[in-house]
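2 protein chains.
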Amino acid sequence: MTIAEVSKKYDISADTLRYYERIGLMPPVPRTPGGIRDYDEESCGWIELMKCMRRAGVQIEALIEYVALFQKGDVTIDARKELLIEQRNQLVDRMAEMQESLDRLNDKIERYEQGLMTKEKLLQRMKQEREKEKAEVSDDE
Amino acid sequence: MTIAEVSKKYDISADTLRYYERIGLMPPVPRTPGGIRDYDEESCGWIELMKCMRRAGVQIEALIEYVALFQKGDVTIDARKELLIEQRNQLVDRMAEMQESLDRLNDKIERYEQGLMTKEKLLQRMKQEREKEKAEVSDDE
DNA sequence: GTAGCACCTGGAGTAAACTCCAGGTCAAGA
DNA sequence: TCTTGACCTGGAGTTTACTCCAGGTGCTAC
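Sequence lines, in order, name chains A and B.
Taking this note's numbering, the leading residue of the first sequence gets 1, the next gets one more, and so forth.
Taking this note's numbering, the leading residue of the second sequence gets 1, the next gets one more, and so forth.
Treat the hints with caution; some may be incorrect.
[What the hints assert, rightly or not] From chain A, some residues computed to sit far from chain B (all C-beta separations above 12 Å):
(1) T2
(2) S7
(3) K9
(4) D15
(5) T16
(6) E21
(7) G34
(8) R37
(9) A56
(10) E61
(11) I64
(12) E65
[Stated by the list, open to error] Chain A is faced by these chain B residues, among others (derived, beta-carbon under 7 Å):
(13) L69
(14) R88
(15) R111
Simulated from the structure, these hints should not be mistaken for laboratory data.
Glycine included, every Cβ here is placed at the ideal spot set by N, Cα and C.
All chains, full assembly: derive it from the sequences and hints.
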């Protein structure tokens with residue numbers, strides 16, 4: 001498979017695919033005798049994995065380390081497992097934070113829907129009153 | 001409240017707090033006659049909201065727009081609601097993607113735990129065989 | 001009234017993750 | 001064989017979201 005085909009298949013630019021290989025986000029891609037990339041099933045597997053992990057916000061740094069360990073063979077299995085567990089934990093944490101934000105967004109939207117906006121209207125009213133007071137003080141001068 | 005106190009309270013650097021105000025991620029913070037920021041409840045509310053949204057990955061751009069709309073008053077209520085809904089939808093999408101990655105990570109970890117690594121071992125075996133073949137071809141030369 | 005520390009502004013610098021470019025090869029068709 | 005379009009590499013540029021800095025001002029305590 002050429003880089004253009006892979007680019008289309010996974011919706012990742014050719015530049016990004018070359019970049020990923022160059023920084024070690026995947027093992028070297030097989031080449032034709034002329035030096036042109038010829039992606040095989042394994043390469044595609046790596047691309048798909050990295051696309052998935054990157055979309056989830058896993059740092060490139062960690063993924064590079066994983067690939068490096070993978071390339072060192074079976075002696076690194078424990079280290080790889082630890083790395084994955086660490087990333088999983090971070091992912092779970094991030095998702096929990098996002099859930100909080102989601103709840104909050106939903107709350108806010110609901111309030112807009114009800115035309116209530118209690119908190120904000122209250123705060124605005126408070127602000128307006130403070131400004132009115134200030135204005136009155138100025139008038140007294 | 002001084003910027004140092006707010007910084008500590010929300011665990012956001014003073015530089016970031018100034019930056020947030022400067023780019024319009026929150027309305028202007030009240031000042032002392034000397035020009036020093038004096039955060040009130042409302043400012044703190046904005047900071048907390050923005051911290052929450054940013055942690056969830058909401059783009060600063062969208063948040064700036066929200067604040068701008070908010071400052072234009074009640075006529076922008078519909079636009080603000082739409083903006084929030086859009087951000088909520090994006091958040092939901094991102095969380096779904098993250099869940100996919102999480103499932104995948106969990107799968108991988110489980111396979112490491114079982115010492116199976118079926119897919120990868122299979123791929124490696126395939127690769128080794130390809131290389132062996134190549135080596136044999138070379139020997140024939 | 002001055003030492004010293006927190007705060008101010010505008011602007012430059014940084015990190016992560018791409019993205020683009022120049023100048024050069026490869027390969028398939030006329 | 002020549003053209004043309006896809007690919008190559010190394011390196012520079014871009015975007016987002018901060019982070020740092022220089023040079024200056026505002027309080028507070030001696």
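Can you give the numbers of the hints that this structure goes against, from lowest to highest?
-> 9, 13, 15
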